[in-house]
Amino acid sequence: MTSDGRVARGDRTRTAALDAAVSLATEVGLDGLSLGQLADRLGVSKSGLFAHWRSKEALQLATVERAVAQWQERIVAPALRAPRGVRRLRALHEARIDFYAARVLPGSCFFANTEFEYNARPGPVRDRLAAAFGSWTALLERLVQEAVDLGELPADLDVAQLAYEIDALGISAAMRSRLLEPEATYRHARQGLLTRLRALCPDPTLLTEGP
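Numbering (the UniProt record's numbering), first residue to last: 1 to 211.
Just so you know, the hints here were simulated from the structure itself, not pulled from any lab data.
Beta carbons: idealized from backbone N, C-alpha and C, even for Gly.
Errors might be hidden in some of the hints.
To be verified - Simulated restraints on C-beta separations:
1) Leu150 with Arg54: 47 to 57 Å
2) Arg196 with Gly43: 10 to 20 Å
3) Val44 with Leu150: 46 to 56 Å
4) Thr205 with Arg54: 34 to 44 Å
5) Val28 with Ile171: 37 to 47 Å
6) Arg84 with Lys56: 15 to 25 Å
7) His52 with Val104: 39 to 49 Å
8) Glu57 with Ala160: 29 to 39 Å
9) Thr15 with Gly134: 21 to 31 Å
10) His52 with Arg84: 35 to 45 Å
11) Arg187 with Pro106: 32 to 42 Å
12) Arg54 with Gly151: 21 to 31 Å
13) Gln191 with Arg142: 31 to 41 Å
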């Protein structure tokens, strides 16, 4: 029991440190993230963190993994509780905008920032970010296809195109909200998808004005 307790405490400490790393990376960039900076943020010794991550790259990769898990917990999992079809698509977009609006991360979106940062930098970190982005795109396309299969979107719909548009609304909201008026930005992002889905969906009762 004592050993299990130590393991559990260690896991909680590691998760808390990675949550701080995700947050810090949205401020200084993933390339700017270091064990020293993270230690300063947490108020702990650098040597304590070195026991978990032996290099800057190891910390960066672990931070990406934690950001993926955070995205799943805060955005994907709640949305998947909504009914399949256009309502689930909308729920996913709403959860994403809610996550940004709650200002969980000081730099808005970890993935929007790091994808721009690493799009021309080859290596393991870029490869992991590309895989995460590919998984997100595949999820969007799968949910769009589900709505098509249910008859809630047209049978001849370009699935990849609509998935692209949904993600573009989210990325735009993440970036513009830190430079322009955030509430207006989030409102436009929400309304953008609602208007698009209403134009495509034959059953308007599935897409009410509220969340």
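37 to 47 Å as the expected CB spacing between Ile171 and Val28, which holds or is violated: Violated - the Cβ-Cβ distance for Val28 and Ile171, about 20 Å, lies outside 37 to 47 Å.
Cβ separation of Glu57 and Ala160, checked against the hinted range 29 to 39 Å: holds, 32 Å
47 to 57 Å as the expected CB spacing between Arg54 and Leu150, which holds or is violated: Holds, since Leu150 and Arg54 (Cβ atoms, about 49 Å apart) stay within the stated range.
Beta-carbon spacing of His52 to Arg84 - inside the hinted bounds 35 to 45 Å or not: With a Cβ separation near 39 Å, His52 and Arg84 satisfy 35 to 45 Å, so the hint holds.
Whether the CB-CB distance between Arg196 and Gly43 falls inside 10 to 20 Å: violated, 46 Å
Distance restraint evaluation - Arg187, Pro106, Cβ atoms, bounds 32 to 42 Å: violated, 22 Å
Status of the given 21 to 31 Å range, CB of Gly134 versus CB of Thr15: holds, 25 Å
Val44 paired with Leu150, Cβ distance criterion 46 to 56 Å: At 50 Å between Cβs, range holds.
Range hint 31 to 41 Å (beta carbons of Gln191 and Arg142) holds or violated: Given about 24 Å between the Cβ atoms, the range is violated.
Range agreement (Cβ of Gly151 with Cβ of Arg54, hint 21 to 31 Å): At roughly 53 Å between Cβ atoms, Gly151 and Arg54 fall outside 21 to 31 Å, so the hint is violated.
Verdict for Arg84, Lys56 (Cβ pair) under range 15 to 25 Å: Violated - the Cβ-Cβ distance for Arg84 and Lys56, about 42 Å, lies outside 15 to 25 Å.
Val104 and His52 - C-beta distance against the hinted 39 to 49 Å: violated, 23 Å
This entry does not satisfy hints 2, 4, 5, 6, 7, 11, 12, 13, going by the numbered hints stated previously.
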